[in-house]
Amino acid sequence: MSQLATLAPDIIMAFGGTLVLLLGTRRSDKAVNDFLRWLSVIIIGGAALALAYTRPNSLPAAEGWIISSSINIVFGVIFLAILAWTVLAAKAPEHAAGEWHALLIYAGNGMLILARSGSLAALFLGIEILSLSLYVLISFFCHRGMALRGGTMYLVLAAFASAFLVFGLALVYASFGTLDLAELAQRVSSKGLFHAPMAMLGFGLFIVGVGFKLAAVPFHMWAADVYEASPGPVAGLIASASKGAVIAAFIPFLFLVNTHGDILWLISAASMIVGNLMGLLELRVKRILAYSSIAHIGYILVGYLAGYNGVGITGVGAMIFYVVAYALAIAGAFTALSFIERDHELGVRDLRGVARVSPALAFCILVFIISLAGIPPAIGFFGKLYLFSAGVSAGYIWLPVLGLLGSAIGVYYYLRIIVNLYMTPGENPNLKISYTPLQISIIIATAAAIVFFGCFPQTMITALKLF
Amino acid sequence: MTLLTLIVLAPLIGALVAGLAVRTGPASARWAALAATGADLLLAFILMFFVRESPVATSMPWIPAIGAAFHLEADGLSAVLVLLTTMLGVVAVLISWNEITRKVHAYHVWLLLLQVGILLVFLARDIVLFYFGWELMLIPMFFLIGVWGHEDKLYSAIKFFLFTFTGSIFMLVALLYVYFQHARQYGMYSFEIANLLKTSLTETEQWWVFLGLFIGFAVKVPLFPLHTWLPDAHTQAPTAGSLILAGLLLKTGVYGLMRIAMPLAPAGATAFAPMVITLAVAGIFYGALVAFSQRDFKRLVAYSSISHLGFVVLGLFIGNAAGWQGATLQMVNHGLATGGLFLIAGILQQRAHTRNFDMYGGLWRHAPTMGAFLLFFAMASLGIPGTGNFIGELYVIGGAFQFKWWLGVITAFGILFAAAYSLRVFIATMHGPESPTIKHMNDTTWVENLAMGILVAGLIVVGFVPRVVTAPLFYPPDTMVPRDGREPATIAAIRPGQIVIPSLPLISAEPPPASFSTPEVRK
Amino acid sequence: MLPAEQALILAAILFVTGVIGVIVRRNLIFVLMSVEIMFNAAGLAFVAGSALHGQPDGQIFFIFILPVAAAEVAIGLALAVLVFQKYRTLDLWTIARSREE
Amino acid sequence: MLQHGQPILWLIPALPAAGAALIFLFSKQMSGRAAGRIACVSVTLCFGWVLFCSSLLLTWPGGNMLFFHEKICQWLDAGPIQSDIGFYFDRIALVFSIIVSGVGLLIHIYSCEYMDGDEGMRRYFGYMNLFVASMLVLVMADNALFMFVGWEGVGACSFFLIGHWYQKSENCVAAQKAFLVTRLGDIFLLIGLLLCARLAGVSYLNMSGFAQIDDMKSVAEFGGIQGSTLITIAALLLLGGAVGKSAQLPLQTWLPDAMAGPTPVSALIHAATMVTAGVYLVARFHALFALSPAAMLTVAFIGAATALYAATCAIVQTDIKRILAYSTISQIGFMVLGLGVGAFSPGIFHFFTHAFYKALLFLAAGAVIHALHGEQNIFNMGGLKQPLKGIYLAFLAGAASLAGIPFITAGFWSKDAILWSALTTRYGNAGLYAAGLATALLTSIYSFRLVCIVFFGNPRKEHHIHPPGPLLSWPLYILAFFAIVAGFINIPAVFGAHPAWEHFFTPVFGEDQAESLVHSSGYEITATLGSGALAIIGALIAWRLYAPKREPIPAPASEIGSVLTETPSPYRSSLANDLFHGWRFDALYDALFVRTFRIAAAVLGWFDRTIVDGIFELAAAIVRGFNTLFLFFQNSRIPRYALVMLAGAVVITTIVIMSIPR
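Chains as they are written, first to last, in this note's numbering: chain A, 1 to 467; chain B, 1 to 523; chain C, 1 to 101; chain D, 1 to 662.
Incorrect hints may have been included.
[Unchecked claim] Derived DSSO-like pairs (lysine-lysine); straight-line CA-CA distance at most 27 Å: (1) A:K432 - B:K103; (2) D:K461 - D:K389; (3) D:K461 - D:K385; (4) D:K168 - D:K461; (5) D:K168 - D:K28; (6) A:K91 - C:K86; (7) A:K432 - A:K91; (8) A:K30 - A:K465; (9) D:K168 - B:K439; (10) A:K191 - A:K91; (11) B:K439 - D:K28.
The set of hints was computed from the structure by calculation and includes no laboratory data.
Can you make the complete structure from the sequences, with help from the hints?
This is the structure we're talking about:
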């Protein structure tokens, strides 16, 4: 019974997704779309409620595949919240609202499994469910060649990376003979990873796979193309929740820091520097955000390297905080930018005049950008502060230095967005902005939340039970 | 107790009111901003009154998870700088009264937010809060330059932002390191400056910590040769932006050195002192010479700031009471005098649409009041006795003389150089044959006169009663120079220290301390 | 009966073959096939590991890999069809060049 | 220190300061004449108060009151820099403040007519009042740092007033030059004060703190320099300040150019008062100078050299004001010479008489210029004796006094006292005396050259002569009176008179000069007669050379309208031209300092734009280069992306394999 309670969120999501899919096939008009939207929100909310009421450390379900410690539950709730947010704020396609919402829910299901995986198999399964949904979501508007190309690219490369990941897991399994994460961690610590070369290699390949999902350097090449190809909300989802879920799934492997620490250090440093450098002269807004997301993964990895070390907030706590902070900003930014309609790729020049036509939207974008850049009074500032504080506490001095240097480079392209929003004169006659009251209020609420948490970060720490 | 909170909140409320009143006419924003800054000025005067007795403090938990508190405290130094901030805040609103006609509401919102950030920096006794305020200043200033600036505004705004932001990075890492060391040594985590001061750091650690902090603050000061953002930013900013940039933002860098860098890493300060002193003295002359070669009014004043700030930094690092007090005085004086010069530059640009000296000349006939003000500010800038600048420079020179006689002698000649460019400012605009550009120049309006009059009054008061600035400086004795003029406790005896460049390991090999992991999150 | 170690080596060879295929081929279909080879290599490794430890987990994992790979290919082929409809080619370099909308 | 019943001293500078404040604050509401009236009234009140204070000091019951001291409040308080705002009124301050306020008053009254109708009249009177206030602070400050306020204040006012007619660029350049050159001296002064404070403690800078002078001797070493050398250095640094302010060699170049200001300004600031601040300074710090024979010798040498130098320049000038400017330099040289040979009270005595006759000369010259509508070149004048009778007489009195016509003029007695001291005191020698005599001869020649050319003969150019009004004339007559009689208060004892002046200062200078003033009747009478004869001879030479009977000197090749050094050389003889240009000091300084400064500024400006900025631009370029590098593979080609991933995987695998312990 308690196993069933643990599995309840997944069940709700799986069945709910299918329900939405089935309902959506009948007819599509605005009423139905709205109905499906709210139904999806209810389903996701139900799953979140079920998750939230799971007692931490209750029995592992499904032979230990799904576990529920407090940290996993927190992660799960976060992802569901982001998902619900996306469903509400996104502009669902008129013609296929059912599929759209169903796929989002499936993706959420994948994230949920990822966040709570207790076994290598569940981890793999979660990643794949998530990825499969995302392939379709990315190329959802397949009449656009870019969407098609992006979807194909993501599919091929994700599969390529998954193959690395699963092969690595196979080597690990061949070395230790268990799929259960707790068991694995125990065996690793008793046997010592250095004495299992095959497992070392396997974990190396595993990092390749994870690195791809996180778009960490050097597995980041897809990010710019795919983000640009995706519908705004989906890009936001990929950047925030999808990555967060992989991070959550990666946390049980913290023991890797001892053996693969150098590799992770390099990946983190490279991501922070290269990501920001790549974005430096970019003129297309979504690509800018894509490059910045590469850098942000680098920052998050600093927290990962710090692990459970840290003064006040541990590296893991900082990571969770950062995932939330980052998700709010990046999902908000992608969605807000999707309100600006255009028939070509959105360039920074297209942002001219937004501040005049819609001051509220412009201001929200400003807040999101400030948060991404890590400048007070936005929450992103504290996210970085915690991460780097944990990093310093764990003895990594140079990573925060590199990270902050990278973010200083990054400021350059963030500023370019702000400059075009507010400071560039000239008319932009093609500017068309459309959003529903619901959408704009959600965006404003998000921006307000970013500023509120940016001024009172303790409230968020308390809410996330990070202390 | 709530006084300090009110001081910080007043401009914030003003910003909210100005922002929300966006549907009404521009006057509403102006009056809201004036009311907010005026109230703030009043509060600052009250604060000065209280601070004479003892430091005023207020503290409440902010982010207990990491040991950060909303801890504001005003001792003499903070109170003086808060007074300066609020004073210049009022002046900034006044001077913008006629100048700003575009997006008036947004302008005042940014102006007031900027003031919030500056006040936080001057009042915070908690590193996180300090850094919060520090970074909070960036965006408003960026907007002030970028939206309301002059022809080359975007380049300058971005340059300003990138320089100061990059500098602050090193500062943050250094602060985090001290925070971590403190936690390790005392088993409690706290960002309170008072607590962090107890941390014992080895000389090597102090060297690094000071380096990090110094880079952050020196960019802001700005110390030669990190000054290159400053002329551009000053030149392109709107008048009030230049005023606040010169009068306050540069001071935050100095204040950071005084309040954080030097107390936190005294040995580091000692080791760096020879280099910093060299740079400061070089800056005095370099700034003055380059200023002299400028043709752009604002650029000239901007370079003069580098020169003046050289005096300030020199005063800090020679390590005696005279230098310390001179630096503090000079901070205030520079804010008022250079601020005044920027006001004139702004007024001129608004009327003549140029900042080029070649276009001016013979202005006195048309604008005698402006001429009188300019004359006063130029004289103050070259350190005429009777204005505060003289005393500030005298203290610094005297301190330098006490430290090393030849240093005092060299520094004294900085005054001559200051005279060269200050006179040039005045003569090039007011004297000479009448320039056709300014044929129909109006004299200053009463609002402008009021704004500049505040600065003049401040300079004269400081010039004859410098004790209003220096007398309250003696609290608390931990970080400030003691009353009887003994050497400051923080940099006990500065001597040319041996600079040892230590190496930090790339990746920490030792196991992290277990005591700080949080069991609740641990799986 | 193949020793488990040799099976693992075979798996590695297969994996590398797949990797090389992805890198070298420019046609979408062949790239997808190469990815399949990599997945199967992983499956083989799992089965070998299962045999090494005498546990069923690895084989169960393999069973999971199969439908996942199938689903990937299903979507991949669907996309390939759309790509071909749009660009009249499956050459990945040509597609990459065509930036028109 | 504060005596019951002593007068309020701060009122003395406060009265003109209040006048200045009143004029400035309400300048838009008042006319120029009203400003003039306010200024005159405030200075009159001030003068009255000064006289009252002086009489109180001199007639203090018991007769032993040496000074009033009034401390207002603490001012500076930082380590080695301690200072109060306070006033100190002793006999030196008394003499100086009487001259400043008294002569100042006359010049204010004179200005009311002279500046009438000038556009900047309010500004003019505001700054004049401010100057009087600053000068009074300078001479009455109770410590050296507070004195520095007045010291710089008068410099600033001098700057404002030289540039009064600001629309001519030359005037502004002159004003700037005056300020910068004097400020160079001020820096030496400042360093000197700091050194004094370092050597003998801060209270040494108090005017009443000379008791600690002996502490200074005890300083063994500072900065690796021996104590006695340090005292000399300190004294020389103070001398640097004096040299700058008093336009002595080598910082004399600003004063001739400073004549660009209105003539009353030249009379007040650049003749009677401000330029003598150096004399005041050395007299004030006489105790310090007395400790160092080397410093005294330097002072005397500079004084003598300057006196001679300026006299040679004055003899060839063509501008009436420039002649007087050089003569001022020369006469201050005399004063400095007197101080340098230890004759402090004769030095001040010469200041006292000089203030009258030089102010008189300037004001009279101003009246001439006023009458000729701004004409300043003496070779465009001539024959003014008849139309300007009163002015001629006054001018003649002044010139006679300047030349030192024996027995009947003030200048004779004061100059002679200095000459006698130069020969006889401990620090004096024959060389200094000879230089003094030569200067006296030259002085007489150029004085009467001026009188001859301007007032005698026929007009060289047609002028519509504008007769002077009473406000212009009466100050001249008053000054002329003093220029004649002021000397009689210190006729040496050998002539059977009572040298009141010398005894007047005995309490101040005490032993520092008592033994140095030697009086021996026979020689002294001879010397006095000799120097008197020299003055007469000089006058005769001038008469012979420039008397109207002869053909008038051919007018210079070109009109000399400007007072600036750019003026083309008027003489055929190159020696005369060199003298005309002040021995070409300006060209030398221009090449040495001004041009160096400008070039350095330009080079550094270029350096800042190009190199410093360039370094950061370079950094930005490098960053951009990396951007290009990392975007190299960013071309949407899926297999290429996979290749990059593979490369990453290979690197990871390699690191893993490397890290496996063997």
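To see whether the hints hold, each was checked on the structure:
Restraint check: the Cα-Cα separation between K432 (chain A) and K103 (chain B) comes to about 22 Å, which is no more than 27 Å; the hinted pair holds. Between K461 (chain D) and K389 (chain D), the direct Cα distance comes to roughly 19 Å. Compliance with the 27 Å bound is thereby established for this hinted pair. Distance check on the hinted pair: K461 (chain D) and K385 (chain D) sit about 15 Å apart at the alpha-carbon level, within 27 Å; holds. Straight-line distance between C-alpha atoms of K168 (chain D) and K461 (chain D) comes to about 25 Å, which keeps the hinted pair within the 27 Å bound.
Distance hint between K168 (chain D) and K28 (chain D) is fulfilled; the C-alpha atoms sit about 24 Å from each other, no more than 27 Å. This hinted pair checks out: K91 (chain A) and K86 (chain C) have alpha carbons roughly 25 Å apart, not beyond 27 Å. Note on K432 (chain A) and K91 (chain A): the hinted pairing holds, with a Cα-Cα distance of about 15 Å set against a maximum of 27 Å. Under the criterion of a C-alpha separation no larger than 27 Å, the hint pairing K30 (chain A) with K465 (chain A) is inconsistent with the structure, at around 40 Å.
Annotation: proposed proximity of K168 (chain D) to K439 (chain B) holds, straight-line Cα distance about 17 Å (limit 27 Å). A hinted pair counts as satisfied when its Cα atoms are at most 27 Å apart, and K191 (chain A) with K91 (chain A) does not qualify at roughly 52 Å. A hinted pair counts as satisfied when its Cα atoms are at most 27 Å apart, and K439 (chain B) with K28 (chain D) qualifies at roughly 20 Å.
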